[in-house]
Amino acid sequence: MASITMTINGTTVTTEPGTTILEAAQSAGIHIPTLCHHPALPPVGACRVCLVEAEGSGKLLTSCTTPAAEGMSVRTHSPRVLEARRFVVEMILLRHPLDCFSCPSNGNCELQDIAYELGIEESSFAEEGDTCRDHPLEEDNPYFVRDLNKCILCGRCIRACDSLARYHAVDFHNRGIHTMVHPPADRTLEESDCTFCGQCVQLCPVGALAEKPSRGRGRPWELHPVTTVCPYCGVGCELEIQVNSKTGRIANVTSDYGSPTSLNRGRTCVKGRFAWQFVHSGERLTTPLVRRDGELREASWEEALETAAAGLQRIKSDHGPDSLGFFSSARCTNEENYLMQRLAREVVGTNNIDHCAHL
Amino acid sequence: MKGLGETLGSGAMTNDFDSLRRADVILVMGSNTTETHPVIGSWIKERHDQGATLIVGDPRKTEIAGHADIHLQLQSGSDVALANGLMHVILRDGLHDRAFIDERVEGLDTLRETVAWYTPERTAELTGLPRERIEEAARLYASGPDSAICYTMGITQHTTGTDNVRSLANLALLCGMLGRPGTGVNPLRGQSNVQGACDMGALPNVYTGYQKVVDDRIREKFSTLWKAEMPAQPGRTVMKMMEAAGSGDIRGVLIMGENPMVSDPNTEHVRECLTNLDLLVVQDIFLTETARLADVVLPAACLPEKDGTLTNTTRTVQRVRKAVDAPGAARPDWAITTALAGAMGADWAFRGPEEIFQAIAACTPSYAGISYERLEEGGLPWPCPAPDHPGTPNLYTEGFNRPGGKARFLPRHWKAPHEWPDEAYPFLATTGRLLYHYHTGSMSRRSAPGEHVRELFIEMNPADAKPLGVGDGEMIRVTSRRGHVEGRTAVTDRVPPGTLFIPFHFAEAAANLLTASVIDPDSETPAYKITAVRVDKV
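Protein chains in written order, with our numbering: chain D, 25 to 383; chain R, 1290 to 1827.
Warning: the hint list may mix true and false statements.
Stated by the list, open to error - So the derived list for chain D, only partly shown, Cβ under 10 Å to chain R, looks like this:
| no. | residue |
| --- | --- |
| 1 | Thr36 |
| 2 | Trp300 |
| 3 | Asn361 |
| 4 | Val371 |
As the list claims (entries may be wrong) - Pairs of lysine-lysine residues, derived as DSSO-like cross-links and limited to a Cα-Cα distance of at most 27 Å, are as follows:
| no. | chain 1 | residue 1 | chain 2 | residue 2 |
| --- | --- | --- | --- | --- |
| 5 | D | Lys340 | R | Lys1516 |
| 6 | R | Lys1501 | R | Lys1755 |
| 7 | R | Lys1350 | R | Lys1704 |
| 8 | R | Lys1529 | R | Lys1291 |
| 9 | D | Lys340 | R | Lys1611 |
| 10 | R | Lys1501 | R | Lys1291 |
| 11 | R | Lys1501 | R | Lys1516 |
| 12 | R | Lys1826 | R | Lys1755 |
| 13 | R | Lys1611 | D | Lys236 |
| 14 | R | Lys1611 | D | Lys270 |
| 15 | R | Lys1704 | R | Lys1291 |
| 16 | R | Lys1529 | R | Lys1501 |
| 17 | D | Lys340 | R | Lys1510 |
| 18 | D | Lys340 | R | Lys1501 |
Honestly, the hints are just simulated from the structure, not real lab data. Don't be surprised by glycine CBs; every beta carbon is placed ideally from N, CA and C.
Make the full structure from the sequences, and use the hints.
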């Protein structure tokens, strides 16, 4: 198919048929703010923050859902667009509290970023509305907190559940100003089909959904990601471990939906995202132990290794190499399994090496 | 592993995730996919929503079975009968792929002879399924055009586990459902590096990359490489090592990152075996039930604390990277093993995981083209024999890894399980995993899921709960010929009448107190899926 040539803010942009105005702009390095849009989710054009003006079109267009067309001339920051965009953001802020200081998403909030970009400090409609209602904080599970007072009804969580997790645990309920995101039939999240995979939490653009285990473990700007693979099942999901640079400890685990190396394409389950606290558990072994007088007692590495090595060698010389056995591990790295079988075969001289693949 | 190795040539998932995302028919056998492999489960559901046919074979009404076009709720332990019954219908109706078989598979006559007995009527009797469902499933699978099979421990953890796998491989071969995207026979691996541990030769009969210890030339190669005479006889499996520890034939055991006191069958027997040893050395991140029995405990780093590689269920080698420091004096297992080897006189000069990986690539043809540098660009699926080789997402596009490049049918007859409910033990208990926990629970129970699913629950059908006078959430005692556990009921029709489901993550109420130390003679996998038990209200 022939490619499409259009202009955005006077710049000529060439793109493929089927791309949206937003994608065409992004490929040309032109920024259009978005809120309900996320590249991992089907576009819906709900929030109207990405409105643009196209020559010859009377109404403003949502750039995230409108296809680019041949000869189209688009303006992303015209006075008319900016006025509409400000109006939209102020309407959203009408039902969003401005308690950014205490919000876990402070510094990682797309609404905050857009308000900053547009120079909006508070909604000029604030006194007309009484819409930041007192929804109680929902935190009956150990994985994440729902603060519906902060919800901007972008529907990302609903789409994340439908299209990524492939459940349908939440949806829009009620109408108009009373609209909210909730599990069906008055059930709590804990009673719903939710499996707490947390993908909605990561994709929430504001602080309406926030990870619980990461509370108090670091502000977004204190964290740096380390790309690695999940320690749990064999799918091999790529994860981003968010490490607090000050404490050197894990503050959160996220995923990258745009990563070219992610076999899981950003998808995760509850264990990948929320089952990492074992790493910093106070029950971790921190020192070698050697049994003396029937009790396991703390020992130095030197003493422990010497005891183990001497014991293994004594058994080998008294009873032969096949009187020793080695259990390797499906939870250790390739390098470690390789060395363990070399220890058995090369150093001891036995093929008594296996691991619990079958269990 | 063994079943696929014998029929196709390699004991691994044949196809990758992209392949699964293009299948027209997906047959999920003995896999609670949305709980045990949630991300794969999400793709299967997505593909089903796009129009693919989903067939699930499982005695339980699992979440994924709830989405199936056909749920084959077969009798536990009747998988071979079901596969043979499907193949009977396919051959009877001429739905098999003659051209594929002529060109690429040996042994159709013996298969035809074996499955002839499995008429839909007989299969219905053995499996408890309606015959129309069997016929319908057979037609759907065979007509594809591209049909993929996924399975897990519901297939392998039986005394006939290897026969179950052989039978599924036979089914795929019969319909030509191998060697192209959208097809395949795919065992989904349960732990982060099961595939890698096998690939690395942490098995009693092979070195890295499945190079056989009984092959003189291979043994010679490793004797020269490692400057030591390699033992000629295959070693003992985990299950056999445990037996030998009990009998005194094995005197010392080194365990790295495993917890057989919870994961292995018949816990009391495991305790007797391990305490009978002269020396037990355990490397682990926690003082596990097993580590408590040790003479020496070596504190290890966990995955987010070290560099290295893991090989996932699709044979894809990926980098893991150190994010945080290990606590106290804990060290990565590679450093512990290197130090221990040093203390025993070896002079390994490895300074870190990358150098170890280079040694792996140098002695392992299927890993020869993989390097840390290449892995920065993304994972590579083996075989990857050269630095310019792109890796192999789908196996057997050309030939099978067997002599002449041909696969072979290995037909098997159905055999009765090792034990079955009777008057004294009238229920069938099956063990398995939950979404929220992992294996023996030492990691997941110390994380957020530990606050969510705190204790053992036992699934029981309402039709069984009622006559026993047991309500939902009440305590019951489940007793087998080996031992007993107590737990609260979850009264649900997820399990059929007469069957209990018992997750094995809970050491204090360990499901494996019940299970028998019986194994599949071919793969030596324990038969966790069938235990005859009695239920008493507590």
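A quick look at each hint next to the structure:
no., hint, verdict
1, Thr36, "violated, 33 Å"
2, Trp300, "holds, 6 Å"
3, Asn361, "holds, 4 Å"
4, Val371, "holds, 5 Å"
5, D/Lys340 x R/Lys1516, "holds, 19 Å"
6, R/Lys1501 x R/Lys1755, "violated, 55 Å"
7, R/Lys1350 x R/Lys1704, "holds, 24 Å"
8, R/Lys1529 x R/Lys1291, "holds, 17 Å"
9, D/Lys340 x R/Lys1611, "violated, 36 Å"
10, R/Lys1501 x R/Lys1291, "holds, 13 Å"
11, R/Lys1501 x R/Lys1516, "holds, 18 Å"
12, R/Lys1826 x R/Lys1755, "holds, 12 Å"
13, R/Lys1611 x D/Lys236, "holds, 24 Å"
14, R/Lys1611 x D/Lys270, "holds, 16 Å"
15, R/Lys1704 x R/Lys1291, "holds, 18 Å"
16, R/Lys1529 x R/Lys1501, "holds, 19 Å"
17, D/Lys340 x R/Lys1510, "holds, 24 Å"
18, D/Lys340 x R/Lys1501, "holds, 24 Å"
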